[in-house]
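Student: Quick mapping for you: the protein sequence lines, in order, are chains C and A. Under this note's numbering, the first residue of the first sequence is numbered 1, with each subsequent residue one higher. Under this note's numbering, the first residue of the second sequence is numbered 1, with each subsequent residue one higher.
In case anyone wonders, no lab produced these hints; they're calculated from the structure. Be a bit skeptical, because a hint or two may be false.
Claimed, not checked - Short derived list, chain A residues pointing at chain C, Cβ under 8 angstroms:
(1) Phe-93
(2) Gln-129
(3) Leu-134
(4) Gln-139
(5) Glu-160
(6) Leu-180
We treat Cβ as the ideally placed atom computed from N, Cα and C, and that holds for glycine.
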Amino acid sequence: LNQQISTLVIGEHEGGAVKAPTLSAVEAAKYLGEGNSVSVLLAGTGSSLQDAAEHAASCHPSISQVIVADSDHFVHHLAEPWARLVQLVQQREGYSHIVTVSNSFGKNVLPRAAALLDVSPITDVVSISGPNQFVRPIYAGNALSTVRYTGNSPCLLSVRSTSFPEPTVAADFRAEKAPISQVDLSAFDEDSIRKSRYVKLTSQETERPDLGNAKVVVTGGRALKSAENFKMIEKLAEKLGAAVGATRAAVDAGFVPNDLQVGQTGKIVAPELYLAFGVSGAIQHVAGMRDSKVIVAVNKDSDAPIFKVADYGLVGDLFEVIPELLEKLPEK
Amino acid sequence: MKIMVAVKRVIDYAVKIRVKADKSGVETQNVKMSMNPFCEIALEEALRIKEAGLASEVVAVTMGPKQSIDTLRTGLAMGADRGIHVEATGDLFPLAVAKLFKALVEIEKPGLIILGKQAIDNDCNQTGQMVAGLLGWPQGTFASKVVLDKEKQEVMVDREVDGGLETVCLNLPAVITTDLRLNQPRYATLPNIMKAKSKPVKKYTPEELNVATKSDLEVVEVTEPPKRKAGVLVSSVDELIDKLKNEAHVI
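Bound conformation, chain C alone (with noise of 0.2 angstroms):
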């Protein structure tokens, strides 16, 4: 690839201001090479796509160009509408790259944007040295794929944000804030947006921080044997600051809800402490959590084969362990 390189980054926004997800995506692209121009892509509706695109225009130096698209189309994420106004951008503005997170959004997008685009999609990228080579795990992270990007522009990737994860910005930085514009939508209207319709979001409210980027994560798993039971991971987790993790099977057993569960299927979390407790650690568990810096196991079972990703075993029954950690942890 001798052009220029020059990045579209599918942004997401909430309350008025760019999701942390997407930050990681700018930072990824700095990999790309050098003089990348990162333009912004948000899209939405009203005052609170505005505001977003006020907070992207000047919330990170290397982000060039903020670009919106205005329409009730994409309120909900819904792939279909998402993919064509990706495809749109792209053959109006012919990026190099085009990258978003692998998260739910990024993973059901990219894709079909991609499949549009007559190109392969390299998703799930860990590591990036240089423009088209990439490293994605498979196999549930027990191999590491090296891909080479051999086709014409764009290349597109989704990134794992716990590999890129956002710098600690100065306090007395001011970027320069970047332009806005937008996106002419009036070509838009596409047979395949009227064949979807966004229904509802059942979600649980809670406390806890994002499980996706929290310091500490504190997992149960079907040992915890009741979902009135996983009530001490959650004090446990309310203690240590902690977001709240589950193995497939919690899950399943219906402990906790669906966007609790870390593995190859699930969420993909690196924190600094991981705490797991009554998790055998099976291999599409370990796939989920295997990047965290510190990880602790309590089991009753010494021949678990968690206690051999584990930095710190305790062979133990979680019903003694988890009150005494609550009474003597320090108070955070």
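Guided by the hints, dock chain A onto chain C, whose structure is given.
Tutor: Here is chain A on its own, set in the frame of chain C:
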């Protein structure tokens, strides 16, 4: 209505994989192979829809080398009516698979396509979305519940997303990808395994379907992830707290 289901032959989920010494890939010789767990769930859902009287036929589709037929036979044993095997050697990346699917859709004209959300070998989570994009059909990915309304020609899909459960309503024809909690797949019973032997399987090659499989991606190497330093066992909560505070400095 006809339902097409994608089934992929992958290394069994319980196998501890080994990376080849020459870094060309993961060892698959003499390794247990199975139907991708998400594909089993996809097929199970299609069979339930048919058993509810909402579909007339379930066609299982696999793409890959000769041995992929095993997975197709398992699908037929579970209850699929017919099989299609697109025989292709060499790497088949998701974009090629999606294009092959589109070619088959033009022949078979299904009203619904169900795929697993991801294959547990490459963990891509792309094919279903790409098939939907190429066809211009709506997509319901990461489905944990599927409710078909034949009258309205719509399907309601609950999707497992980062924030919880999202419900979308899609016009048929549509593409759905399955998540783990959608259903518990059935086992193939012995009588069904016997019956499966006489169910028809149609073979195609990519050339016959007019699809070029040469990819814009190439695998440079496959390596092992960095190994973690070995951990220690502590003997009490006091010792654990001490280590976390004074050794690891995380509390």
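Student: The structure should be examined with respect to each hint, and the outcome stated for every one.
Tutor: Results of checking the hints against the structure:
no.	hint	verdict
1	Phe-93	6 angstroms, holds
2	Gln-129	4 angstroms, holds
3	Leu-134	5 angstroms, holds
4	Gln-139	6 angstroms, holds
5	Glu-160	5 angstroms, holds
6	Leu-180	6 angstroms, holds
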